[in-house]
Amino acid sequence: MKNQNILQRLALNEDLNFLLTNRIPRTAFTRFMGWFSRIRHPWVRDASMAVWRSFTDIDLSEARKTSFNSLHDCFVRELKPGARPLDAREHVLVSPCDAIVGACGRIGDDPGAQVFQAKGFPYPLTDLLGTDARGLATIVTLRGGSYVTLRLTSSMYHRFHAPAALTLDHVTYISGDTWNVNPIALKRIERLFCKNERAVLHTRLADGTPLLIVPVAAILVASMRLRAVDVALNIRYRGPNELPCHAVYEKGEEMGWFEHGSTILVFAPPGITLCEGVTPGQHIRMGEALLST
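Under this note's numbering, the residues of the sequence shown are numbered 1 to 293, in order.
It cannot be assumed that every hint is accurate.
[To be verified] In silico EDC-like cross-links for lysine to aspartate or glutamate, where the CA-CA straight-line distance does not exceed 16 Å:
| # | residue 1 | residue 2 |
| --- | --- | --- |
| 1 | Lys119 | Glu190 |
| 2 | Lys80 | Glu254 |
| 3 | Lys80 | Asp57 |
[Claimed, not checked] What follows is a list of derived Cβ distance ranges for each label pair:
| # | residue 1 | residue 2 | range |
| --- | --- | --- | --- |
| 4 | Ala206 | Arg285 | 42 to 50 Å |
| 5 | Arg64 | Pro42 | 17 to 25 Å |
| 6 | Arg285 | Asn241 | 31 to 39 Å |
| 7 | Lys80 | Asp57 | 17 to 25 Å |
| 8 | His283 | Gly82 | 13 to 21 Å |
| 9 | Asp73 | Thr273 | 48 to 56 Å |
Bear in mind the hints are in silico, worked out from the structure with no lab data behind them. Just so it is clear, CB atoms sit at the ideal spot from N, CA and C, and this is done for glycine as well.
Let's have the full structure, built from the sequences with the hints guiding it.
Here you go:
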C-alpha cells in the first residue's frame with residue numbers, strides 16, 4: 001500500500017506527469033497499448049493489471065464479470081444491472097458517463113461560440129466542430145447555451161449512455177492527435193480538445209431540441225466504439241469522416257464506449273441549463289442529474 005501511495009503521488013506531479021504522457025511518441029505508444037492490452041495470456045493480463053492498480057484506485061465490485069480475459073476486457077467492462085440508477089424526472093438530462101466535471105458554463109455569443117477547457121484557456125466551437133455547413137449550423141443553435149466537460153479517468157467505467165430519450169442522426173469523425181486530456185495538460189496546451197481525435201454526435205431530443213455529444217480520445221485511448229456505427233473510430237481508421245445514421249435511444253441506454261478513458265463534451269442550446277451543484281471537480285455518475293430543461 002505504501003508503494004502504491006508513492007506511485008500515485010508521482011503520477012500527480014505535474015511536471016513529471018506531463019513529461020511522461022506528452023513528451024513521448026504519443027501515436028506510436030497508443031497503437032502499442034491498443035495491441036498490448038488485448039493480449040489474452042494470463043501472465044500478461046495479471047502483470048499489466050497489477051501495474052494499473054498500482055497507479056489507480058480501481059473498484060471492480062460493480063462489474064458484471066468477475067474475471068477478465070485481458071487488460072482491454074477490463075477497461076471496457078459492463079456493470080451489474082441496476083448499478084447506475086437513472087434520475088427519471090422528465091426535465092432532467094443525466095450524465096452520460098461516470099466522470100469528474102471539468103470546465104462548464106455558458107457558451108459564448110461570439111462568432112466562434114467560445115467555451116473553456118480550463119481557466120484561462122478558451123477555445124471556439126468553430127475549431128472543435130469544424131466550419132462545414134453542418135458544424136456552422138450547429139454552432140448557431142448553441143450560442144448562449146450551456147456546456148460541460150466530463151473527464152473519465154483510467155479507473156472509471158468507460159461506457160457512455162444517452163442523457164435523455166434522443167435520436168442520433170449523424171456522426172462526424174475528426175482524426176487528430178492523442179494528447180493527454182488530464183487537468184495538467186489542459187492548463188498547458190491551448191485548444192487541446194480541438195487537436196485530439198474526436199467524434200461529434202449530432203443528436204436531438206424527443207421534441208427536436210439539438211444536443212451535441214463529443215467524445216474526445218487521448219493517449220492510450222485513441223479508439224471509440226459507437227453502437228450506431230459498426231466500425232472502430234481510431235487512429236487507424238481511414239473510412240469516411242461523415243457517417244449518417246439513425247439510432248433511437250431511451251434515457252440511459254448505452255451509446256458506446258472508450259477503450260481506456262478520456263473526455264466527453266456536452267453542448268446544449270439556450271433553454272437547457274446546468275443542474276444545481278454541477279461544478280468543476282465534482283464526481284458524477286452516469287444517470288445522475290446533469291442538465292435541466
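*Kindly indicate which numbered hints from before are broken by the structure, ordering the numbers from low to high.*
Violated hints: 3, 4 and 9; rest satisfied.
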